[in-house]
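**Q** Between the sequences and the hints, there should be enough to build the whole structure, so can you do that?
First residue of the sequence shown: 230, per the working numbering; consecutive thereafter.
Do not rely on the hints blindly, as some may be mistaken.
[What the hints assert, rightly or not] No farther apart than 20 angstroms at their CA atoms in a straight line, the calculated lysine to any residue pairs in the SDA-like style are these:
#1 Lys658 with Leu624
#2 Lys648 with Leu624
#3 Lys806 with Tyr796
#4 Lys346 with Glu311
#5 Lys310 with Thr508
#6 Lys310 with Gln269
#7 Lys770 with Tyr545
#8 Lys815 with Leu624
#9 Lys429 with Val681
#10 Lys536 with Glu521
#11 Lys443 with Thr396
#12 Lys466 with Lys674
#13 Lys823 with Ala663
#14 Lys310 with Arg527
#15 Lys535 with Asp552
#16 Lys719 with Asn818
#17 Lys666 with Leu677
#18 Lys585 with His512
#19 Lys806 with Leu405
#20 Lys770 with Val398
#21 Lys531 with Ala551
#22 Lys820 with Gly415
#23 Lys674 with Lys658
#24 Lys633 with Ala663
#25 Lys674 with Asp552
#26 Lys806 with Leu655
#27 Lys538 with Cys561
#28 Lys401 with Cys561
#29 Lys719 with Lys466
#30 Lys362 with Lys466
#31 Lys820 with Ser789
[Claimed, not checked] Label pairs and their in silico Cβ distance ranges:
#32 Ala551 with Gln243: 45 to 51 angstroms
#33 Asn420 with Ile622: 53 to 59 angstroms
#34 Lys536 with Tyr668: 37 to 43 angstroms
#35 Lys531 with Asn506: 46 to 52 angstroms
#36 Asp245 with Ile781: 29 to 35 angstroms
Source of the hints: derived by calculation from the structure; they are not laboratory data.
Being a predicted model, the structure only gives us computed values, none of them experimental.
Where is the CB? At the ideal position from N, CA and C, for every residue including glycine.
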Amino acid sequence: MCGIHGFINNNIAQEDGRKLIHAMTNSTLHRGPDFSNTEQIDNCYFGHNRLSILDLSESGNQPMFFDDYAIVFNGEIYNYKEIREELITHGYKFHSDSDTEVILKGYDFWKENVVQKFIGMWAFAIYSKSTNKLFCSRDRFGIKPFYYILSNNALYFASEIKSLAKTPVFSKELNLNQISRGLQLGWMVHNDETYYSNVKALQPGNNMVFEGGKLHFDTYWKITTNTLNTKSDFNLKFKNLFDDTLKLHMRSDVPVGASLSGGLDSSSIVCSIIEQNLTENLHTFSIYYEGENTVDERPFIKEIEKKYKNRYLANYYSPTDADVQADFHEICRMIDFPMSGSSCISHYSLMNLVQKENIKVILSGQGADDYMGGYLHSYYRFFADKFSKLEWISLIKEFNLYCKYQEASIGVMTQVALKSLLSVFLTEKYLYSAEYKNYLPFVFKSGLTNSVLNFEKFQASRLDSFHYVLMNYSSLPTILHYEDRISMAKSIETRVPFLDHRLVEMFFNNQSNTKIENGYTKSVLRKSMEGIIPEKIQYRKDKKGFVTPGEILWLRGCLSHLLEIDYQLLYFLNPVKTKNVIEEFKKGNNKYAKLVWRIACLNYWMKNFN
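**A** Next comes the structure, spelled out in structure tokens:
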């Protein structure tokens, strides 16, 4: 895990180019405190910050060279050993145990198709000296960031905006369309758009070639639905593949830990690691809150401690209001864009805890909810599919179980029924567009935004279509943004085993409706963890995210100063509507607390970081 930087500019003086690449590289030393270096290859400049995880020797330092090529790489290729063995059969010799050398020599052999071989997370750039061509790639889900600016036939790229802000072509001009998505939907990115008009993001699953002053893009992977799997052996196939991906994700030359809530996903990772004896000294890390209207999942975590007594070391921390006050400014600086939710504050405290134990790699359960049916609003599409297929008996059974397990009131039951009915007749794009304009008060001035939600068509069931949107547009891109920035702020590599593309493909290619079954979300994961995780976790009926006291308690307490809004600074918002939302919250109305949080954080970001 590292930070990458670079640019190709034919019109910059060498001395100016060297100064610039040094400034870019120094801007994100937190991403790689173990080694930093810059190189000039003709008119191409590379910079790299290294967090040493595989091959801790100097042989793994970057930029790395082979024959005609130079590379800067951020990420991990978990199956690098298998690819290296294949390359050895083709005559290649290796001088390190790093995955970086495997990428470089794999590119020499397979060229751009090398990325099809990878199981992992990555963002890298390879420069060919003989052709003056730059080949860049980003992993299938965008776990690792890659930003760029194209200006006057010159290309600048980096892992974080902080690096691009050092370049002479960076502009603070805001992308108001993205700001409005952030306020109304909480999204950090949308396709290739960012909060800055001239900064783009290389989209997940894409390669990019810069040649002759122009960019060319190629989508090398996307989610599809092709194969029909049988229900009978799906759980076993999943379990075997999940075990395999955990083995790959545990590959490291430094100790590996795991975040642990009392939820199904992180518990499945931790318990499976212990069951398979994948490490002798596993540290887990958990955040909790005490007091009224907060979440404390220690009772569930303690069930794991009972089951696997003395087989791992548990670490706990409860952030205080003083912690939140002290950390808030730095968190806002590290995430680059306005904070759309408060969970990253808990995440930051978690990474503080990990860093204190000198753990450099941590496994996270992120990603499972987005394609396995973990979010409770998956039920709307699940019920809609059964309605459309006229599966009345199954629909009534599942609806009754949902109401029973969620202890739904008549009002909630009616709401779920209506939203499910809407999902029968309306597309995901229409549903999200309606949410964008109507779910929260739309506080933008009229005529300033044209925030069309650009969704690619996806022909599948309503539930799979919903998950496709979560994976590509809605929750996952934002979650991964936070996951990368917050962990790297503390020089920690976060790995997300549930985002092994083989697992995702397995679920999208299974048409037997096993994501939700008998009233339970993530049915396949629950069944495959039989006897591995405690029953109290296996059959939990509630759904907790990375919950914090957040939008309400903090804004009414230790972060109340955020409510002093500079309405002139937020010139693009309707001051009357915005003031009304803020003042109603100050009077005790919590209905739009989420929007109040986003406005307050946007104001703070504009004042301090733009």
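**Q** Evaluate each hint against the coordinates.
**A** Evaluated hints:
1. Lys658 with Leu624: 25 angstroms, violated
2. Lys648 with Leu624: With Cα atoms ~15 angstroms apart, Lys648 and Leu624 stay inside 20 angstroms; holds.
3. Lys806 with Tyr796: 11 angstroms, holds
4. Lys346 with Glu311: 10 angstroms, holds
5. Lys310 with Thr508: 19 angstroms, holds
6. Lys310 with Gln269: Distance ~30 angstroms between Lys310 and Gln269 Cα, so the pair is violated.
7. Lys770 with Tyr545: 24 angstroms, violated
8. Lys815 with Leu624: 43 angstroms, violated
9. Lys429 with Val681: 17 angstroms, holds
10. Lys536 with Glu521: Violated - the C-alpha atoms of Glu521 and Lys536 are around 29 angstroms apart, more than 20 angstroms.
11. Lys443 with Thr396: Holds. Lys443 to Thr396 sits at ~19 angstroms (cutoff 20 angstroms).
12. Lys466 with Lys674: 52 angstroms, violated
13. Lys823 with Ala663: 18 angstroms, holds
14. Lys310 with Arg527: 38 angstroms, violated
15. Lys535 with Asp552: This hinted pair is violated, its Cα atoms lying about 30 angstroms apart.
16. Lys719 with Asn818: Measuring from Cα to Cα gives roughly 36 angstroms; hence the hint is violated.
17. Lys666 with Leu677: Holds - the C-alpha atoms of Leu677 and Lys666 are around 14 angstroms apart, at most 20 angstroms.
18. Lys585 with His512: Holds. Lys585 to His512 sits at ~12 angstroms (cutoff 20 angstroms).
19. Lys806 with Leu405: 17 angstroms, holds
20. Lys770 with Val398: Violated, at about 51 angstroms.
21. Lys531 with Ala551: Distance of about 27 angstroms is beyond 20 angstroms: violated.
22. Lys820 with Gly415: Holds, at about 16 angstroms.
23. Lys674 with Lys658: 23 angstroms, violated
24. Lys633 with Ala663: 29 angstroms, violated
25. Lys674 with Asp552: Roughly 36 angstroms between the alpha carbons, so the hint for Lys674 and Asp552 is violated.
26. Lys806 with Leu655: 29 angstroms, violated
27. Lys538 with Cys561: 39 angstroms, violated
28. Lys401 with Cys561: It holds: about 17 angstroms lies between the C-alpha atoms, which stays within 20 angstroms.
29. Lys719 with Lys466: Status violated; Cα separation ~36 angstroms.
30. Lys362 with Lys466: Roughly 42 angstroms separates the two Cα atoms, so the pair is violated.
31. Lys820 with Ser789: 17 angstroms, holds
32. Ala551 with Gln243: 45 to 51 angstroms: 49 angstroms, holds
33. Asn420 with Ile622: 53 to 59 angstroms: 41 angstroms, violated
34. Lys536 with Tyr668: 37 to 43 angstroms: Since the Cβ atoms of Lys536 and Tyr668 sit about 41 angstroms apart, the hinted range of 37 to 43 angstroms holds.
35. Lys531 with Asn506: 46 to 52 angstroms: 22 angstroms, violated
36. Asp245 with Ile781: 29 to 35 angstroms: Taking Cβ atoms as reference, Asp245 and Ile781 lie about 50 angstroms apart, which means the hint is violated.
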